[in-house]
Amino acid sequence: MLGASLFMFVDSFSFSYNASLFPQLTSGGVIIGSSLLLLRDYLPDSLNRIVTAEGGVLTTDEQEEAADTDTQTNQETRRNWYFLAFSVTAYVVLGRLISLLWASPIFALMYSVWHKMEWYKVVMLTVVSYLIPKLLMRLVFLPIDEGILLP
Amino acid sequence: MSVEVLFDAINFALSWPTVGWIAFGLVVGIIFGIIPGLGSSLGMIILLPFTIPMEPNTAIVMLISIYCGAMYGGSVTAILINVPGTASSAATTFDGYPMAKLGRAKDALAISATAGPIGGLLSVLLLFLITPFLLTVVLATGSPEYFLMAFIGVALITVVSRGSMVKGLTAGFFGLALTSIGIASTGEVRFILGIRELFNGISYIAALLGMFAIAEMLRLAVEQGQIAKKDAEVEGSIINGIRESVINLFTVIKSGLIGMGVGIVPGSGASVSNFVSYAEQVRSSKNADKYGEGEPKGVMASEASNNATVAGALVPTLSFGIPGSGATAVLLGALLLHGIRPGPSLFTDELILTYSMLIALIIGNILIFIIGITLINRASFVTKVNVNYIIPIVIVFSIIGGLILRNNWIDIYTVLVFGIVGYWMKKHDYSVIAFVLGVVLGPIVESNFLRSLRLSGGSFKIFVDTPLSLALTIALLFILAYPVLNAIRDRRQSA
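Protein chains in written order, with my numbering: chain C, 1 to 151; chain D, 1 to 495.
Simulated from the structure, these hints should not be mistaken for laboratory data. Glycine is no exception: its CB is placed at the ideal position from the N, C-alpha and C atoms. Hints are supplied without guarantee of correctness; some may be wrong.
Some chain C residues judged to face chain D by a derived CB distance under 8 angstroms, without partners named [stated by the list, open to error]:
1) Gly3
2) Val10
3) Phe13
4) Asn18
5) Thr26
6) Gln75
7) Ala85
8) Leu97
9) Ser99
10) Ala108
11) Val113
12) His115
13) Ser129
14) Leu142
Can you build the whole structure from these sequences, using the hints too?
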């Protein structure tokens with residue numbers, strides 16, 4: 001966030017006044033906020049308290065208690081997370097290359113095999129993931145079956 | 001109130017296929033509400049791209065039905081397995097689950113299916129009554145006031161929502177800054193880094209798809225498969241539940257009014273209203289110690305308020321284009337996508353759309369009662385739901401939805417990038433809602449800001465010129481100064 005905002009703030013000086021004002025103000029706000037957060041441990045106590053102050057004006061005690069539940073993450077769930085992040089990225093890349101029509105069932109197949117689902121559930125999810133783009137092609141007339149390698 | 005327009009709206013909402021779309025939206029909303037981790041925002045955003053070929057009024061009515069349905073759906077798992085399907089039903093677990101353990105699950109589900117729609121209907125009827133007065137307020141606002149209100153909307157969310165305020169404000173500003181990408185009103189091209197596809201800027205719908213769908217699926221990936229470890233027992237009496245809701249109508253009405261009031265405040269929404277209403281019910285009860293152990297009025301308070309919040313949240317969204325929650329941010333996105341700008345037009349030329357939404361909510365709340373009561377005997381199916389079946393389907397819908405927006409692969413990349421950004425933001429306690437609001441409101445904020453300066457010849461005094469703009473500026477400064485005031489108050493208390 002800080003990097004992107006610094007770039008926007010500096011680059012905005014190359015635009016005319018009207019075009020530069022809004023990006024300067026908003027990216028400036030991000031720069032100030034991000035800097036305060038990055039340096040909060042080095043700020044004087046009073047400023048640190050302001051930076052770390054929490055909202056929740058309407059928060060009730062019951063809401064606080066309900067929110068105090070931690071999601072337990074273990075090695076397996078972390079692996080699942082990394083797999084999902086990787087597979088979604090691969091899905092997008094594959095979709096660009098061979099079309100979303102064919103990439104979607106491949107993604108569903110990879111996902112269901114990774115999670116060791118029963119064979120009929122794997123087949124079902126794969127078929128559904130093929131049918132969704134196939135149906136949508138007819139509904140919205142989009143080139144979902146086109147890719148760089150499969151024009 | 002224009003009676004002729006009202007009758008046109010009733011005709012529209014009750015005609016085919018509109019009523020079919022309302023029912024479809026309700027069922028989708030109930031399903032998304034039942035399954036923990038999904039919710040109304042997700043249901044609305046993944047279907048939003050597919051509404052592009054639809055008539056605007058039909059699309060909006062369908063989306064609002066999803067919002068309405070999810071409010072009820074969240075209570076099912078909250079009662080049966082102590083896991084709220086949505087944050088709007090979190091307070092329902094306090095007494096709903098104990099009722100289920102006492103063999104009164106059907107009573108609790110029936111209360112939810114009855115008190116919820118009553119609260120929802122009450123708030124819609126109230127909204128009908130205040131709609132004519134809203135136009136007067138909306139017409140009093142000009143470009144400076146619109147700019148200030150949009151900014152207040154983003155800032156208020158960080159104060160009202162839980163979490164760090166500075167992080168929330170930073171996220172909101174970042175969302176606003178990102179909308180600068182692309183061609184400006186002056187014709188200059190900003191920050192596209194040589195990527196021609198960014199000429200028209202970042203699609204806020206693609207950003208919403210990433211933040212709500214992909215980020216949520218990444219979060220769900222750390223959940224463990226089936227949402228319940230064992231079957232839920234569904235015992236009790238449906239008739240008792242309905243009777244209790246009717247006998248305790250005062251509780252239901254009071255909670256509905258609280259829900260509507262909280263819904264009007266940007267940043268609060270049903271995730272806050274159910275707690276506020278529950279807390280008020282406990283506070284005002286003569287038998288406060290019964291709450292938390294299966295007190296039916298606890299379920300009534302939570303469910304009546306969350307359904308009523310839907311109509312309340314429409315007030316700032318339709319009047320000023322300031323959504324107060326994720327779902328209303330998506331609704332605002334839908335309005336803009338279909339070429340409908342919030343503000344005076346929704347109370348004049350497009351009044352039929354506004355009334356259609358309200359009629360859809362009335363029909364929706366009635367259908368929720370019917371569907372909810374019917375589903376009770378089959379409610380134990382929720383324990384069979386496995387998130388691993390849902391994740392790939394939602395992701396496929398989201399990615400393809402990104403392509404449908406503008407047939408531009410940059411939107412799919414946007415979905416992916418914002419999915420990871422959204423997950424990272426949630427993990428590090430940055431307000432996703434503030435960021436989303438910034439992304440959705442950015443163009444409106446900038447255009448009103450520049451228009452105001454043009455009108456004043458470049459002087460910033462225009463933002464304090466009228467009593468309304470002065471009051472809004474003071475309110476904005478107060479909200480921005482809230483962390484400082486809070487810190488001073490805390491220091492005095494500890495001293």
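Now for the hints, and whether the structure bears them out:
no. : hint   : in the structure
1   : Gly3   : 11 angstroms, violated
2   : Val10  : 11 angstroms, violated
3   : Phe13  : 12 angstroms, violated
4   : Asn18  : 5 angstroms, holds
5   : Thr26  : 4 angstroms, holds
6   : Gln75  : 11 angstroms, violated
7   : Ala85  : 6 angstroms, holds
8   : Leu97  : 11 angstroms, violated
9   : Ser99  : 11 angstroms, violated
10  : Ala108 : 4 angstroms, holds
11  : Val113 : 11 angstroms, violated
12  : His115 : 5 angstroms, holds
13  : Ser129 : 5 angstroms, holds
14  : Leu142 : 6 angstroms, holds
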